[in-house]
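Visitor: Chains as they are written, first to last, in full-length UniProt numbering: chain A, 1 to 332; chain B, 1 to 332.
Treat each hint with caution, since some may be false.
Claimed, not checked - Heads up, simulated BS3-like pairs for lysine-lysine below, C-alpha to C-alpha not over 30 Å straight-line:
hint	chain 1	residue 1	chain 2	residue 2
1	A	LYS93	B	LYS329
2	B	LYS278	A	LYS222
3	B	LYS93	A	LYS222
4	A	LYS329	B	LYS310
5	A	LYS310	A	LYS222
6	B	LYS34	A	LYS329
7	A	LYS222	B	LYS329
8	B	LYS313	A	LYS313
9	A	LYS303	B	LYS303
10	A	LYS91	B	LYS329
11	A	LYS329	B	LYS278
12	A	LYS313	B	LYS91
13	A	LYS329	B	LYS313
14	A	LYS34	B	LYS310
15	A	LYS310	B	LYS52
16	A	LYS34	B	LYS313
17	B	LYS222	A	LYS86
18	A	LYS329	B	LYS159
19	B	LYS329	A	LYS303
20	B	LYS86	A	LYS303
21	B	LYS303	A	LYS86
22	B	LYS93	A	LYS310
23	A	LYS310	B	LYS329
24	A	LYS74	A	LYS112
25	B	LYS159	A	LYS310
26	A	LYS303	B	LYS310
27	A	LYS329	B	LYS303
28	A	LYS106	A	LYS86
29	A	LYS310	B	LYS34
30	A	LYS313	B	LYS34
31	B	LYS313	A	LYS222
32	B	LYS222	A	LYS303
33	A	LYS313	B	LYS303
34	B	LYS93	A	LYS278
35	B	LYS310	A	LYS159
36	A	LYS313	B	LYS329
37	B	LYS222	A	LYS329
38	A	LYS303	B	LYS112
To be clear, the hints were calculated from the coordinates, so they are not data collected in a lab.
There are 2 protein chains.
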Amino acid sequence: MVEDISTLYTYNFPLIPISRISVDSPELKDYLYKELPVVIEGSNLVGPALEKWDLGYLTENLGDRGLYNVMQTKGHQMFKYFDQNKVTQLKGKMEFVLEASTDEMKFQEFVKRIQLPQRGRDTYSYLQQPLNDTVGPNIFSDFRRFNWELVKRWSGDMKWGSLTNNMLLIGEPGNITPVHYDEQQNLFCQVGGEKRCLLFHPRHFDKLYPYPVYHPCDRQSKVNLRAPDLSLYPLVSQLEGMECVLSPGDVLYIPIYWWHQIESLEPDLTTSITFWFKAGSIDTISFPLSATHKVAMMRNIEKMLTEALKDPKEINELFCNIVEGRYFKEEK
Amino acid sequence: MVEDISTLYTYNFPLIPISRISVDSPELKDYLYKELPVVIEGSNLVGPALEKWDLGYLTENLGDRGLYNVMQTKGHQMFKYFDQNKVTQLKGKMEFVLEASTDEMKFQEFVKRIQLPQRGRDTYSYLQQPLNDTVGPNIFSDFRRFNWELVKRWSGDMKWGSLTNNMLLIGEPGNITPVHYDEQQNLFCQVGGEKRCLLFHPRHFDKLYPYPVYHPCDRQSKVNLRAPDLSLYPLVSQLEGMECVLSPGDVLYIPIYWWHQIESLEPDLTTSITFWFKAGSIDTISFPLSATHKVAMMRNIEKMLTEALKDPKEINELFCNIVEGRYFKEEK
Ligand SMILES: [Zn+2]
Ligand SMILES: [Zn+2]
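Sequences and hints are given; from them, build the entire structure.
Guide: Here is the structure:
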């Protein structure tokens, strides 16, 4: 059941509903083709998981096998992703605060943590694990019976690149994956519990102030959407978004470079499975360039300068020198 | 005679004297090699011009030959260079004000204009003409007797690129070529009258706020050094420069990417000849990158984005989007 909309957090910017359509609707391809978000109903994309993957079944089958990536927070539930490679590269060169940490642990250990009552603890956990060959025969057999034909048809028709992985996400109620974008197409399948998803068009890049590309939180917004610092990030007030609430069985298409914030709603644990695809090759470039082209271009420039200068202090200074007092945004 | 230093305009930033050394000094090569400005005395680099090229002789020999480029201003004497190709490219896409215009005219016509008393007119002229094959036999013979051996020795030792051209500059007293940088090495030879030259290290790029690379005034500072708008260009107050006054026979080495402003002093016409050389090839890059490397890199990034986006509005916006709220200069 979708949570009563009136109990959801109220943001200071408009959010219009994301369209919901049936898997059989002829309009579906338009959304995918135009890279517009849509909630697909009735696809049964991850049918066996929907039927069986509750916490008991998962614990039974995963409990003692391999180690799982679990993000953890303390005192808050903002699970801001960070890139461990960039943390290592920047060691000693730059100070930064990471709002979450990542541990590897047995599935059992994760379950033990999330089953402690939330009242009385201030640490929270979020399992984010690629589905790989450590899952054992039962889960693997469920996985093989996902609707791969449908996946192949869509990604083939849309000329997406290869499927890179499937993530298994299990979160506590209240967990938030704060607003960020990915460089991949994403079919986000809700399996258990409910999630609220906020999405923003790639043209809102300037209103969401992502970290520099060299930063471990690259692709994440610096802005806390629930408490934006408008003196640092004034354009947040011009943000306009879309939203949906996903229930088990729903599949949200999150187009590449679209910003998204994903919130696990009360009262249940949330379970989701993602299908990530590389970007397809670009056939034709038309002018003016699209917002996604521009974001890709900005990323390349930032990577190039990071490669050339190496030191974040110098990278910051040089970018500022290019712009300050020289390039001006026109008033809109 | 060097003008009394106390009568020179007083700037709001420190200016230390540029070293003067004899052409025979063994230190000369250090300055050239380290790309540090220096006034070279006694070189006789343009000896025949020094002996003969007064206005009478030039008029006699150039008067009726070919057309000469003459920059003109009205109501002020700031001869800010602009690139006519970029004016054409940007037509209809962007508004900009050019502070000077360029005409082609016979040498005689130029002389007529500058010989009118300055009192009673508000237009000013500055001849800036590459010395080419229209100059006639006498001037050409003088030109051939410049000290080419010395020029070749220096440019060879320093591994500069090829000599691109020699400019003949004839200015009225009070004319100013406002602060800018060139992408070439420059041996600036004073032939008649006196010029005050202000120079700034390439690391002052951020304090001099050059126009965007796509702008017709590319490589020029947006700042009027005599009336800086500190609200738009706050770092001007941190500028530190060097200066010299050139008399006939002096040769100023202006290193590539060094900022320079050149002022024709009272009371005489000023005549100068420049030798411009392409940059040499870079053998080794060492870290941290030098200020000149960084300027070259910034120019390449700006050119790339200009090429990709074409529309100045989009270029401005994208550069601002990369930086604003994302990259921060550290306080010094
Ligand atoms: Zn994501
Ligand atoms: Zn110059």
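Visitor: All the hints need checking, so say for each whether the structure fits it.
Guide: Going down the list of hints, with the structure as the test:
For the given pair, A:LYS93 sits about 15 Å from B:LYS329 by alpha-carbon distance, which is consistent with the 30 Å threshold. Restraint check for B:LYS278 and A:LYS222: not satisfied, since their Cα atoms lie roughly 44 Å apart, outside the 30 Å limit. Pair hint B:LYS93 plus A:LYS222 does not hold up; C-alpha atoms about 34 Å apart against a cutoff of 30 Å. Our distance criterion of 30 Å between C-alpha atoms is met by A:LYS329 and B:LYS310, whose separation comes to about 15 Å.
Pair hint A:LYS310 plus A:LYS222 holds up; C-alpha atoms about 22 Å apart against a cutoff of 30 Å. The straight-line distance between the Cα atoms of B:LYS34 and A:LYS329 is roughly 39 Å, outside the 30 Å bound, and the hint therefore fails. Between A:LYS222 and B:LYS329, the direct Cα distance comes to roughly 17 Å. Compliance with the 30 Å bound is thereby established for this hinted pair. Between B:LYS313 and A:LYS313 the CA atoms are separated by roughly 29 Å; this keeps the pair inside 30 Å, and the hint holds.
At roughly 17 Å between alpha-carbon atoms, A:LYS303 and B:LYS303 fall within 30 Å of each other, so this suggested pair holds. A distance of roughly 19 Å separates the Cα atoms of A:LYS91 and B:LYS329; the hinted pair therefore holds under the 30 Å criterion. This hinted pair does not check out: A:LYS329 and B:LYS278 have alpha carbons roughly 35 Å apart, beyond 30 Å. This hinted pair does not check out: A:LYS313 and B:LYS91 have alpha carbons roughly 38 Å apart, beyond 30 Å.
At roughly 7 Å between alpha-carbon atoms, A:LYS329 and B:LYS313 fall within 30 Å of each other, so this suggested pair holds. Distance restraint check for A:LYS34 and B:LYS310: the Cα-Cα separation of roughly 25 Å lies within the 30 Å cut-off, and the hinted pair is therefore satisfied. With a C-alpha separation of about 55 Å, the suggested pairing of A:LYS310 with B:LYS52 is violated against the 30 Å cut-off. Taking the CA atoms of A:LYS34 and B:LYS313, the gap is about 26 Å. The hint holds against a cut of 30 Å.
Proximity of B:LYS222 to A:LYS86 is assessed by CA-CA distance (about 38 Å); at most 30 Å being required, the pair is judged violated. With a CA separation close to 42 Å, the supplied pair A:LYS329 and B:LYS159 exceeds the 30 Å bound. Taken as a hint, the B:LYS329 and A:LYS303 pair is honoured in the structure, with Cα atoms around 18 Å apart against an allowance of 30 Å. A threshold of 30 Å between alpha carbons decides the hint, and for B:LYS86 with A:LYS303 the separation of about 29 Å falls inside it, so the pair holds.
Of the supplied pair hints, the one linking B:LYS303 and A:LYS86 holds, its CA atoms being roughly 29 Å apart against a limit of 30 Å. Distance restraint check for B:LYS93 and A:LYS310: the Cα-Cα separation of roughly 36 Å exceeds the 30 Å cut-off, and the hinted pair is therefore not satisfied. Between A:LYS310 and B:LYS329, the direct Cα distance comes to roughly 15 Å. Compliance with the 30 Å bound is thereby established for this hinted pair. With a C-alpha separation of about 17 Å, the suggested pairing of A:LYS74 with A:LYS112 holds against the 30 Å cut-off.
Of the pairs offered as hints, the one joining B:LYS159 and A:LYS310 holds, with about 29 Å between alpha carbons and a cut-off of 30 Å not exceeded. Proposed proximity of A:LYS303 and B:LYS310 is supported: the alpha carbons are some 22 Å apart, at most 30 Å. Our distance criterion of 30 Å between C-alpha atoms is met by A:LYS329 and B:LYS303, whose separation comes to about 18 Å. A threshold of 30 Å between alpha carbons decides the hint, and for A:LYS106 with A:LYS86 the separation of about 26 Å falls inside it, so the pair holds.
Distance restraint check for A:LYS310 and B:LYS34: the Cα-Cα separation of roughly 25 Å lies within the 30 Å cut-off, and the hinted pair is therefore satisfied. A hinted pair counts as satisfied when its Cα atoms are at most 30 Å apart, and A:LYS313 with B:LYS34 qualifies at roughly 26 Å. Proximity of B:LYS313 to A:LYS222 is assessed by CA-CA distance (about 26 Å); at most 30 Å being required, the pair is judged to hold. The suggested pairing of B:LYS222 with A:LYS303 holds, with an alpha-carbon distance near 29 Å, which does not exceed 30 Å.
Proposed proximity of A:LYS313 and B:LYS303 is supported: the alpha carbons are some 24 Å apart, at most 30 Å. Straight-line distance between C-alpha atoms of B:LYS93 and A:LYS278 comes to about 37 Å, which puts the hinted pair past the 30 Å bound. Between the alpha carbons of B:LYS310 and A:LYS159 the distance comes to roughly 29 Å, so the proposed pair stays at or under 30 Å and holds. A hinted pair counts as satisfied when its Cα atoms are at most 30 Å apart, and A:LYS313 with B:LYS329 qualifies at roughly 7 Å.
Proposed proximity of B:LYS222 and A:LYS329 is supported: the alpha carbons are some 17 Å apart, at most 30 Å. For the suggested pair A:LYS303 and B:LYS112, the alpha carbons sit about 57 Å apart, so the restraint of at most 30 Å is broken.
Checked against the numbered hints listed earlier, the structure breaks hints 2, 3, 6, 11, 12, 15, 17, 18, 22, 34 and 38; every other hint is satisfied.
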